[in-house]
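Enquirer: For the record, the sequence lines run as chains A and B.
Heads up, the first sequence is in the numbering used here, so the first residue is 1 and it goes up one at a time.
Heads up, the second sequence is in the numbering used here, so the first residue is 1 and it goes up one at a time.
The list that follows gives simulated cross-link-like pairs (lysine-lysine, DSS-like), each with its CA atoms no further than 27 Å apart: (1) B:K41 / A:K93; (2) B:K225 / B:K144; (3) A:K152 / B:K86; (4) B:K86 / A:K116; (5) B:K444 / A:K43; (6) A:K267 / B:K144; (7) A:K93 / B:K144; (8) B:K96 / A:K180; (9) B:K326 / A:K43; (10) A:K43 / B:K96; (11) B:K444 / B:K326; (12) A:K145 / B:K444; (13) B:K444 / A:K180; (14) A:K43 / A:K152; (15) B:K86 / A:K43; (16) B:K444 / A:K152; (17) A:K64 / B:K41.
Hints are computed from structural coordinates only; laboratory data are not their basis.
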Amino acid sequence: MPEPSQLLELGRAAVEAALRTGASEAEAYLVDSTSAETMFTSKVESFRVSSSMGLGVRAVVGKKLGMASTSRLSLDNVRRTAEKTVRIAKASKEDEHWHSLPSEFGRSSVPGLFDKETADLSPDVLVGCVEELADAVEALRRNVKPSRGMLKAGRSLVGIVNCYGQEISRAETGAFVWVKVSAEEVGRSATASESAYARALSAIDFGKLGSEAAERALDFLKAGKLPTRKMDVVVRGKVMASILATMFSGTLTADAVHEGRSPWADKLGQEVASESFTLVDDGTLSGGFRSRELDDEGLPTRKTVLVDKGVLKSFLYDDYWAKREGVTSTGNAWRAGYGSRPQPAPNCLILQPGDWRFGELLADTREGLYVVETIGEWLSDPVRGFLNANVTHGYLIEGGELTRPVSGVMISSRFFEAMRGPMDAFCRELEEYEGYYAPAVRIRSVVASGK
Amino acid sequence: MSERYEDLAKSVLEEAARLGAEQADVRIQAVRSEFVFVENKVLRSYESSESLGLSVRVVVHGSWGLASTTCLEKSAVREAVERAFKIARSSARRTKRVELAEVEAVERSFSSPCRVRPVDVPPEEKVELLVDMNREALSVEGVKNATAYLGAVEECLYFANTEGTRLSLDRTMTGIMYSSVAEHEGRMERTWDDHSACAGWELVKEVDWAEEARDISLLAVETAKTRSPKAGAYPVVVDGRLMGLLIHEAFGHATEGDLVVSGDSVLRGRLGQMVASEQVTIVDEGTAPGGMYVPFDDEGVLKGRTVVVERGVLRSFLTSREVAAKLSLPPTGNGRAQDFANFPIVRQTNYYMEPGGYALDELVEDIKFGYFLKGRSRRGGEVNPGMGTFTFRAGPSHVIRNGEICELVRGVAMSGDILEALRLVEAVGREVELRTSVFGGCGKYDQTVRVGLGGPSVRIGRMVVGGA
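Let the hints inform the model, and build the full structure from the sequences given.
Expert: Listed below in structure tokens is the structure:
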């Protein structure tokens with residue numbers, strides 16, 4: 001891994017070249033990353049390591065913006081890219097709302113974002129993780145095996161430099177594992193999937209992940225169907241976190257609000273949910289998968305309460321939208337890649353836990369459906385608030401306990417209405433999904449369409 | 001570029017051989033691209049990028065290792081080779097021995113047609129073109145929003161392996177994707193189209209873009225005024241654009257040999273059997289007019305023409321070298337990777353149904369009541385290649401009444417079982433139109449590759465059609 005100073009030096013060269021070519025403002029964003037990825041079944045199917053570097057330059061001429069990027073970081077090419085950025089800016093149309101690039105970078109203190117063992121990307125360690133997982137699956141029974149899986153780990157170094165003499169960098173690691181397990185017996189087969197995201201390989205319990213998926217796959221060899229009816233549904237925290245991503249990641253940002261893509265546009269200060277519903281964006285969550293010390297424009301991350309006990313309090317901003325509305329950035333600038341412009345997006349979006357124990361919640365629910373795995377949440381509509389998901393793995397709640405496995409149930413709910421009352425119980429433990437966090441939640445009276 | 005990178009590739013292969021690789025290949029890829037997005041006559045983004053990278057893939061102790069880098073300095077390249085070795089050795093603890101089908105070594109150079117390099121066209125010209133398209137699209141009454149998105153990609157690929165294959169490719173793609181949103185009595189309708197090709201800026205000069213933009217606006221306005229179809233099972237004619245997508249997604253993936261090996265294909269064990277009506281012949285072809293230009297795959301295997309289905313009989317699966325060995329089939333040149341950094345996996349190239357003998361009016365003439373389902377402005381869908389089931393949302397389509405193509409309908413979905421649908425193919429049209437897209441392609445295992453889609457219009461005896 002190069003030193004941050006090497007990246008920042010290239011960034012300075014880009015900014016200087018852009019200013020020399022006629023830019024009134026310029027910014028360089030650099031990334032150096034290495035990632036390892038293995039695809040596996042019972043054995044390692046493929047394993048690769050990729051190293052890449054990249055530079056994205058933003059140049060402003062008056063109020064005209066241009067961007068260009070390159071993966072070729074020789075000094076000559078860095079300068080050429082900066083010059084091209086200015087040419088593009090000159091060809092652009094003016095953005096009358098343009099104010100300026102950030103004039104002061106900053107950093108929050110966030111522990112747990114870099115792990116040395118993960119950064120090493122040792123093939124032996126990674127193959128060891130795969131072995132632990134696959135062994136746990138196969139230890140259970142002969143008829144169950146991992147049918148497809150992926151383990152990815154990586155490290156990255158980001159450097160940002162701009163024309164106001166600002167320079168900053170951040171280093172992070174991450175690991176991600178996903179596995180689909182198949183169980184077979186005469187005339188039947190079933191699968192189950194599990195995944196985990198963390199900043200360190202050691203934070204993932206590969207054995208537990210494997211055996212949980214294997215046990216579920218075996219359970220679902222005898223999965224039944226459900227008749228269509230309304231029922232109380234308890235949604236697993238992981239699934240709730242993924243619903244959170246679908247429902248809120250694109251609509252609580254200032255750009256979505258401004259461009260008419262958000263249903264929350266005129267709801268600031270209003271009651272949008274019951275008192276037990278609190279939604280927070282936290283870029284400083286220790287070890288959070290979407291936590292960062294600073295955002296993709298060099299501004300410090302923070303904790304922003306979006307919905308406080310049911311009342312909509314704030315939206316998420318990058319520097320551009322913050323200046324456009326005369327507020328302070330919430331440190332939510334994200335870039336899809338080094339060549340992409342920053343846009344506001346959530347850091348760690350967290351649905352605050354309540355005080356229910358899971359067992360008590362089941363006992364209190366008496367009859368219902370516990371939703372463990374779903375597909376097709378993309379069928380949901382985050383603008384109108386319709387939640388639709390295909391429950392591939394659920395368990396009936398009967399007499400206050402989990403009983404039979406059921407599959408192929410479509411659940412539909414008017415999610416925004418559910419937030420106001422029917423979503424009435426929140427468990428104590430947070431679960432994660434790709435940097436989104438939620439507890440298990442009960443939603444009353446959901447339409448479950450079965451056979 | 002091939003001259004420039006030949007020496008580099010040679011030194012990588014020598015280093016791999018010296019370290020004791022049983023097999024090794026190296027891929028070098030340089031890409032320059034520009035993507036320009038204009039909405040309602042305002043430039044929203046202009047992304048210009050270039051990248052260069054190398055990967056080396058080795059077989060050591062019967063196990064794969066692949067490492068890549070975007071830094072082509074000697075030390076970084078040597079480090080990549082060593083890394084690939086380390087990976088292979090670690091993986092060998094838990095892997096089956098890799099066997100590769102034999103292929104003859106070849107030395108060839110290819111380039112897709114390109115007269116004017118699109119990345120060299122000045123930014124101003126690109127922005128103006130898109131603004132003009134928006135202006136034309138917005139001039140249609142009832143249209144509230146118009147977008148135009150230009151993409152241009154120039155790629156150079158170089159492949160070499162320890163068996164003596166040396167291949168190079170220059171490929172250029174240009175295209176514009178555009179959309180309009182119309183409102184009628186409070187109901188919004190968005191329509192879109194994408195006109196891309198493996199060609200240079202000359203494509204832009206050959207097309208009347210203002211006319212295309214106006215046309216997609218008119219379609220949005222007309223569609224907003226129409227109704228959804230009556231749900232039920234009907235005889236249908238599916239146009240080439242929608243049929244091409246259906247064949248690719250619902251049937252093509254099931255013929256990918258890796259899915260056959262892993263048991264995720266409904267076609268496993270069915271070689272030599274009738275899987276479609278006698279009218280149906282399906283091929284996968286590396287280069288075809290209008291389609292994607294894939295003269296060889298990312299394992300250095302020439303991609304000719306693979307007959308997958310011949311008059312209804314399943315003749316072949318698509319393979320990479322490893323999958324070919326596993327299935328004891330010939331390698332078909334379908335080992336494709338998203339880019340240099342990824343492992344090649346089995347992918348389609350230009351996958352389409354061969355034309356039959358019918359004109360469009362002959363396809364519809366016997367239908368008393370049914371639908372003409374169209375792919376333009378379609379909404380996507382879902383398939384399960386293991387089960388053979390599909391659901392697709394077509395673009396604005398038409399009712400067929402008494403053998404005539406009649407009024408427009410919106411929000412049409414079609415669903416069913418692909419093998420049943422192919423068995424019910426009654427007649428195949430004579431016109432074939434293939435398309436590709438610079439804006440994206442087909443995803444599998446986290447890798448996206450560009451493909452060619454299309455084919456003739458087809459009459460299917462019965463299809464479940466729903467309103468969406």
